[in-house]
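Peer 1: Quick note, the sequences are listed as chains C and X, same order. Sequential numbering of the first sequence, starting at 45, is according to the numbering used here. Sequential numbering of the second sequence, starting at 284, is according to the numbering used here.
Calculated directly from the structure, the hints in this document are not laboratory data. Since the model is a prediction, treat every value here as computed from it, not as a measurement. Incorrect hints may appear among the rest.
As the list claims (entries may be wrong) - Here are the simulated lysine-lysine pairs, BS3-like style, with alpha carbons at most 27 Å apart: (1) C:K70 to C:K87; (2) C:K192 to C:K296; (3) C:K112 to X:K308; (4) C:K176 to C:K151; (5) C:K151 to X:K349; (6) X:K349 to C:K94; (7) C:K94 to X:K308.
Unchecked claim - Residues of chain X placed beyond 12 Å of chain C at every Cβ, according to the derived structure: (8) D294; (9) I303; (10) A326; (11) V343; (12) T344; (13) D346; (14) I347; (15) K349; (16) Q350; (17) L351; (18) L353.
Glycine residues also receive a C-beta, built at the ideal position from the N, C-alpha and C atoms.
Each chain, written out:
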Amino acid sequence: MTEPSPFIPETQYQIAWDSTSLGWLKECPRKYYYHMIEGWTSKHEAVDLKFGQLYHGALEIYDRYLAKGIDHDLSVKAAVEHALTHSWTDGVGPWRSAINLDPNDRKSLKCREFLIRSVVWYLDRFKNDPAKTKIMVGGLPMVELNFKFEIDYEFSYGTPYSLCGYLDRVVEFQGEPFVMDRKTTLMTLGSSYFDNYDPDNQMSLYSVAARIAFHTPVRGVIIDAMQIAVGFSRSVRHFIFKTPDQLDEWMKDLRMWLENARMYAIAKHWPMNDKSCHKFGGCVFRHVCSKSPSVRDRFLESDFVRREWNPLIPRN
Amino acid sequence: MSELSELFARDPLGYTDQDIETIVKRMREAQTQFDLGIKVPVAERKRKSANDLLDKIGPVTDDILKQLGLEK
C-alpha cells in the first residue's frame, strides 16, 4: 500500500504539517529543505529521539494501566518492563548500555540504565498526581493521541492545509484541561530551559490541536521535564498558559508561514537563515551551508543519509 | 558485576516478575539514598582513562613549567 504523502504529488508543496516540519521552516527554510524535501538526516543515531521514544512509551503504558484501574506499583512495573524490552534487540543486546559508552561524551547520560531510573523516579514522584488523564467519551484515556485536522486555509481551491501530530496526554488539573508534554534533557531545569517553550511553535500547535481535534479548550500545556545527570534524574513541572487570543494569533501567523513556504517552493529556492545556524545547539547542516554551493552535495552525501520525515505515518 | 548490572545484561524476555521487582526496588533505593545526599550508581560506567585526564591537564602543566622557566 502506498504511504500517504504530506506533499502534493510530484511537487515541493507540503500541505500536511506537524510541529517538527513547521519548526524547521520557521528556524531556517534551508534547513527545512534539506530535512523535509531532500530527506537528509544525520548518519549518527538520533540518541535524543530514541531515548525520548522509549521514555514516552514507558509512561504511556503507565498511564493506560492506571486509567484501567491498575494500581501504581503494578503500572510502574509494566512501564519498566516495556522500556527494558523495547531497548533490547535480539542478537544485538541492550541499547546504549552505560558500560559501553564513553563517559567523556555528555550523551552517555542517555543510556539504558538512566532511562529506567528516570521512569521509576518520575512515576514515583507523581504517584498521587493532581493532574489526571482525561477520559474520552467511550472510555478511552486521552493518551498518545494522534491528530490530523484541516485548517480554515487552503493551498488551492478544495485543497486545505492540515495540521497533524501526537499529543502525549490530555489531563485535568484543578478542574482545568491541559495538554501534558513530557521531555527529557541534559540541561539544568531552570528558567533558561523553560523559557525556550514560551512562546514555542510546538506548544501553540498542541494547544490548537486539543481545541480543534479533540474539542478540549485547554488552558495551555504542562511540561513535565526530566533532567538526566550522572547521579540523579530530576523532574520539574512547568505551566505554559495559552489564551484563545494567543492561539488565534498563532493561526494567523501560520498562514503567513505557509504562504512563505509556497513562495519558496514556487521559486525552488529555500533561503538560508544565517542568524539561526548557531542556535538550538547548532544546526546539523551548519558545516554544509558554510561550504561553497558547488561542493555542498558532496558533503551531504558523505555526512548524511536519506531518511524521509513523514508526519502522516503513525508511530508504530 | 552487581546484581543490577547482571539483570540489565540479560534478555528481558527471560525476566521473571521478581527480576522486574528487583530492578524497580534498586532504583527506588537509589532515589532514597540520593534524597539523603548519598549518590548510589545505578549503572557501571567506563572509567575515564588516564590519557583523557592528561590531555586536559597537560596544557596547564606546560604553562606552569614555562612560567617557572622549566619548559621542556
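Peer 1: Hints first: check each against the structure and report whether it holds.
Peer 2: Results for each hint:
1. Between C:K70 and C:K87 the alpha-carbon distance is near 24 Å, which keeps this suggested pair within the 27 Å criterion.
2. Between C:K192 and C:K296 the CA atoms are separated by roughly 19 Å; this keeps the pair inside 27 Å, and the hint holds.
3. Restraint check for C:K112 and X:K308: satisfied, since their Cα atoms lie roughly 24 Å apart, inside the 27 Å limit.
4. Proposed proximity of C:K176 and C:K151 is contradicted: the alpha carbons are some 32 Å apart, above 27 Å.
5. Between C:K151 and X:K349, the direct Cα distance comes to roughly 36 Å. Violation of the 27 Å bound is thereby established for this hinted pair.
6. For the suggested pair X:K349 and C:K94, the alpha carbons sit about 48 Å apart, so the restraint of at most 27 Å is broken.
7. Distance hint between C:K94 and X:K308 is fulfilled; the C-alpha atoms sit about 25 Å from each other, no more than 27 Å.
8. Residue placement check: X:D294 does not keep its beta carbon more than 12 Å from all beta carbons of chain C (closest about 6 Å).
9. Non-interface call for X:I303 relative to chain C: violated, since the shortest CB-CB distance, roughly 5 Å, does not exceed 12 Å.
10. Some Cβ of chain C comes within 12 Å of the Cβ of X:A326; the nearest lies about 3 Å off, and the non-interface call is violated.
11. With a cut of 12 Å on Cβ distances, X:V343 stays outside the contact zone with chain C, its closest approach being about 17 Å.
12. With a closest Cβ-Cβ approach of about 19 Å to chain C, X:T344 is found to remain outside the 12 Å limit, as its non-interface label requires.
13. With a least CB separation of 22 Å from chain C, X:D346 remains clear of the 12 Å interface cut-off, as annotated.
14. Once the 12 Å rule is applied to beta carbons, X:I347 is consistent with being away from chain C; the minimum gap is 24 Å.
15. In this structure X:K349 is separated from chain C by more than 12 Å, as the shortest Cβ-Cβ distance comes to about 27 Å.
16. Residue-level check passed: X:Q350 sits 28 Å from the nearest beta carbon of chain C, beyond 12 Å.
17. Here X:L351 stays apart from chain C, with its beta-carbon at least about 30 Å from theirs, past the 12 Å limit.
18. Separation of X:L353 from chain C is adequate, the least Cβ-Cβ distance of about 30 Å exceeding the 12 Å criterion.
Checked against the numbered hints given earlier, the structure breaks hints 4, 5, 6, 8, 9 and 10 and satisfies all the rest.
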